[in-house]
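Visitor: Listed below are the residues making up each chain.
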Amino acid sequence: MEHQYHISSSPHIRDTLTTNKIMQYVILALLPTTLFGVVYFGLDAVILLVLTIGSTVFFEYFYEKILHLPITIKDGSAFLTGLLLAINLPVSAPWWIGILGGAFAIVVVKMLFGGLGQNFMNPALGARCFLVISFTSYMTDFSYDAFSGATPLAELKTDGILSSFDLMDLFVGTIPGTIGETSVIAILLGAAFLVYKKVIRLTIPVSILVSFSAFILLFGSSSLDIHYLLCQLCSGGIMLGAWFMATDYVTSPISDQGRIIFGIIIGLLIGIFRIFGASSEGVSYAIIFANLLVPLIDKISIPKPFGKGGPKNG
Amino acid sequence: MKHLSFEGGIHPGDFKDIAKNHEIKEVLPGDIVLIPLSQHIGAPAIPLVEKGDEVLVGQLIAEAGGFVSANVHSSVSGKVKGIKSSFSTTGFQVQCIEIENNHLYEHVSFDSRLLENVEKEEILERIKNAGVVGMGGAGFPSHVKLAPKNPEAIDCLIVNAAECEPYITADYRCMLEASDEFLLGIEVVLKLFDKAVAYIGIEDNKMDCIALLQDKCKDKDNIKVIPLVTKYPQGGERQLIHAITGRKLNSSMLPNDVGCIVNNVESFIAIKKAVIDGIPAYQRILTLSGDCLQSPGNYLISVGMTHQELIDQTGGFVLTPSKIISGGPMMGFSIFHLDTPFTKTSSSIVCLHEDVVSMCESSVCINCGRCVSVCPSKLVPSRLAKAAENGDQQGFMDYHGLECIECGSCSYVCPAKKHLKQSISNAKKQIIAKNRGKK
Ligand code: SF4
Ligand code: SF4
Chain R
375 MEHQYHISSS
385 PHIRDTLTTN
395 KIMQYVILAL
405 LPTTLFGVVY
415 FGLDAVILLV
425 LTIGSTVFFE
435 YFYEKILHLP
445 ITIKDGSAFL
455 TGLLLAINLP
465 VSAPWWIGIL
475 GGAFAIVVVK
485 MLFGGLGQNF
495 MNPALGARCF
505 LVISFTSYMT
515 DFSYDAFSGA
525 TPLAELKTDG
535 ILSSFDLMDL
545 FVGTIPGTIG
555 ETSVIAILLG
565 AAFLVYKKVI
575 RLTIPVSILV
585 SFSAFILLFG
595 SSSLDIHYLL
605 CQLCSGGIML
615 GAWFMATDYV
625 TSPISDQGRI
635 IFGIIIGLLI
645 GIFRIFGASS
655 EGVSYAIIFA
665 NLLVPLIDKI
675 SIPKPFGKGG
685 PKNG
Chain W
388 MKHLSFEGGI
398 HPGDFKDIAK
408 NHEIKEVLPG
418 DIVLIPLSQH
428 IGAPAIPLVE
438 KGDEVLVGQL
448 IAEAGGFVSA
458 NVHSSVSGKV
468 KGIKSSFSTT
478 GFQVQCIEIE
488 NNHLYEHVSF
498 DSRLLENVEK
508 EEILERIKNA
518 GVVGMGGAGF
528 PSHVKLAPKN
538 PEAIDCLIVN
548 AAECEPYITA
558 DYRCMLEASD
568 EFLLGIEVVL
578 KLFDKAVAYI
588 GIEDNKMDCI
598 ALLQDKCKDK
608 DNIKVIPLVT
618 KYPQGGERQL
628 IHAITGRKLN
638 SSMLPNDVGC
648 IVNNVESFIA
658 IKKAVIDGIP
668 AYQRILTLSG
678 DCLQSPGNYL
688 ISVGMTHQEL
698 IDQTGGFVLT
708 PSKIISGGPM
718 MGFSIFHLDT
728 PFTKTSSSIV
738 CLHEDVVSMC
748 ESSVCINCGR
758 CVSVCPSKLV
768 PSRLAKAAEN
778 GDQQGFMDYH
788 GLECIECGSC
798 SYVCPAKKHL
808 KQSISNAKKQ
818 IIAKNRGKK
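Each protein sequence line maps, in turn, to chains R and W.
Our numbering applies: residue 375 is where the first sequence begins, and numbers increase by one.
Our numbering applies: residue 388 is where the second sequence begins, and numbers increase by one.
Bound-form chain R, shown alone (with noise of 0.2 Å):
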């Protein structure tokens, strides 16, 4: 019998969003963070997320060559993690900071883990808190033109109020920082859009920050502060991490329930981190730490069947 038509398995349809778009709306939302970062530190910027993109993307493909992989860097991920990379680098880092790192990023964390999907740490974090390791002095300079001088989150931690910035430079992003963590606006710009286009739902982000409000409230330097809670929230890593570094699919717990655990805990360790620890920065330690715990989370959230626990036979 002639076969004259396709035979497929249900459904005969399919949404038109692919995992090419979803990175591609991603790097577009960080289009006006990444963009303040080169407006604001200039060309030195530029360079650096040259580099770091230029390197993430080169060692995903020269691994998958020598091994005879399916090359994949058309898939946008690994572009995506070489410009979250960069966007987490101090721009007066030197520029094979941002080989190094990318090619951490993409070939430790990773590759040999077996690539997209199935890495259990955020590459982009995890090549972060190497560098921050292995070059502390490097990553954590954050002098730029003139400027030299304390962070925010510096401030806030010794003194417990900020005398040389207002709430204002922090929203704006005129502050020291990494390349894209600055600027509170832009991010929540690009945070709305990935909301908008649901490629990221609120659970996440909003859990993360609630409980860090709820904890810096009750232990903060002066409780119920509301200016100094603003503060903490809009200094630092914790916007683009709450929004762009903890959503990360591969790395987050599958079900809402779990997300909005996965949430608490990193918003709880931010908070211990900034509060108890003795660096000012723990946004990616926070991550990173519930990255671990993820295959946890997934066990105790996994949702109930339908109908389960239900009534039976009447």
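In case anyone wonders, no lab produced these hints; they're calculated from the structure.
Even glycine gets a Cβ: it sits at the ideal position worked out from N, Cα and C.
Careful, some of the hints might be misleading.
[Said to hold, decoys possible] Below 30 Å or equal to it, Euclidean Cα-Cα: the simulated DSS-like pairs (lysine-lysine) are:
#1 R/K678 to W/K765
#2 W/K536 to R/K682
#3 W/K578 to W/K611
#4 R/K673 to W/K635
#5 W/K816 to R/K682
#6 W/K815 to R/K678
#7 W/K532 to W/K578
#8 R/K682 to W/K532
#9 W/K773 to R/K673
[What the hints assert, rightly or not] Now the stretches of chain R that chain W is said to cover, found in silico as 3 or more residues with beta-carbon under 8 Å:
#10 378-390
#11 477-491
#12 626-640
#13 668-678
[Said to hold, decoys possible] A short, non-exhaustive set of chain R residues, derived as facing chain W with CB atoms under 10 Å:
#14 T393
#15 I396
#16 F589
#17 G681
Since chain R is already given, all that's left is putting chain W with the ligands on it; use the hints.
Guide: Below, chain W with the ligands alone, put in the same frame as chain R:
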């Protein structure tokens, strides 16, 4: 009034405008009809005619071959040519009675009744004789479904009028054009269950239907029209029962375990015809839709005519389809040629020009969680599919794979275009077959 719904589900484009406004038209079969002996779940019917016999429209030509089985009647008058095997819409070989149509449509005498004069036993008897089966797709024989072990406990008669599959509009047209027949069918079934109230669940993209039926049911205390949120799979049995009654059902339960009987729109029309008019189920209404047809619409067709004939008689294709789907695009079956005969359960044919499924290549899971948030059975489809692909039956069972209703919502949303539903339903089939072997 709040429109009811369930948790999860998806919103595919509904494409109903293609066929929605076309009135139901009758299309008669050609010179030959092929009437399948198996148009229902359960044992195939046993033929009562032989080569050379003359038959009339509505004549019983094969009788139920077991408890869960259904009678089969001729849809034409003419001469039996023999028994021949043919492909069914689900891809299996089925035996069919081949009849040469004399185009006279002489029929047996139909023996009518008034609703007031039929008693419970006679209602069931007439439904059984008429070979009525669930006309939504599964084809469960209606006389078995309507005789549950606990008739006194049935308090909800749920009319599945959600029609949540994209493209399909047959139920919508039936409710508009044959609303009295439809409501009379419901009243017939209500006579079987003393306590029951009927709830007609209709998605809110058919507000005109809702308004019309609400108006007609103003004075009927025991029939209520329930607007539902337009969402797929709103017409899934477990989702529908939950939306309307709040009761939950799992894979090991039947609707009557929670006091419900569920049937779809055309089944009630078939029941009315069987009980009140005495006409057996040899015709049905289906939707012909998709982007390739000269005349998409809603047609009254006869069991045994082929897909090819319907398409030819309605003007054929304007574009060459890449895929022909029997049923809706979410749960229907793709068929590979058009010489397949219609059965009592054929609800629609959708002819699609471009096949989105075969065009998209699947890649690795990125753990986005979309499949989890849409699954109406609250499962983790990505894990189930992984267990299925690895042949890990224990893992599949641990993640409650048998609770999957195969709605396809997970495959629909997956950005990696993984064939989640396909993997899961294959694993389900294997496990069910294995369990059967054990017994
Ligand atoms: S796992 Fe089954 S029930 Fe859940 S969405 Fe997929 S096909 Fe539907
Ligand atoms: S929708 Fe697809 S990509 Fe997303 S978690 Fe499910 S299987 Fe993975």
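Visitor: Next, verify each hint and record whether it holds.
Guide: Checked hints:
1. R/K678 to W/K765: OK: R/K678 and W/K765 at ~6 Å, within 30 Å.
2. W/K536 to R/K682: holds (23 Å)
3. W/K578 to W/K611: holds (16 Å)
4. R/K673 to W/K635: The given pair, whose Cα atoms are some 24 Å apart, holds under the 30 Å limit.
5. W/K816 to R/K682: holds (21 Å)
6. W/K815 to R/K678: Status holds; Cα separation ~19 Å.
7. W/K532 to W/K578: holds (15 Å)
8. R/K682 to W/K532: holds (24 Å)
9. W/K773 to R/K673: holds (16 Å)
10. 378-390: Per the Cβ count (12), the hint holds.
11. 477-491: It holds: at least three residues are needed, and the segment 477-491 of chain R offers 3 whose Cβ sits within less than 8 Å of chain W.
12. 626-640: holds (count 6)
13. 668-678: holds (count 3)
14. T393: Check passed: Cβ of R/T393 comes within 5 Å of chain W, closer than 10 Å.
15. I396: Hint on R/I396: holds, closest Cβ of chain W at ~6 Å, below 10 Å.
16. F589: violated (26 Å)
17. G681: holds (3 Å)
Hint 16 from the earlier list is the only one contradicted by this structure; the remaining hints agree with it.
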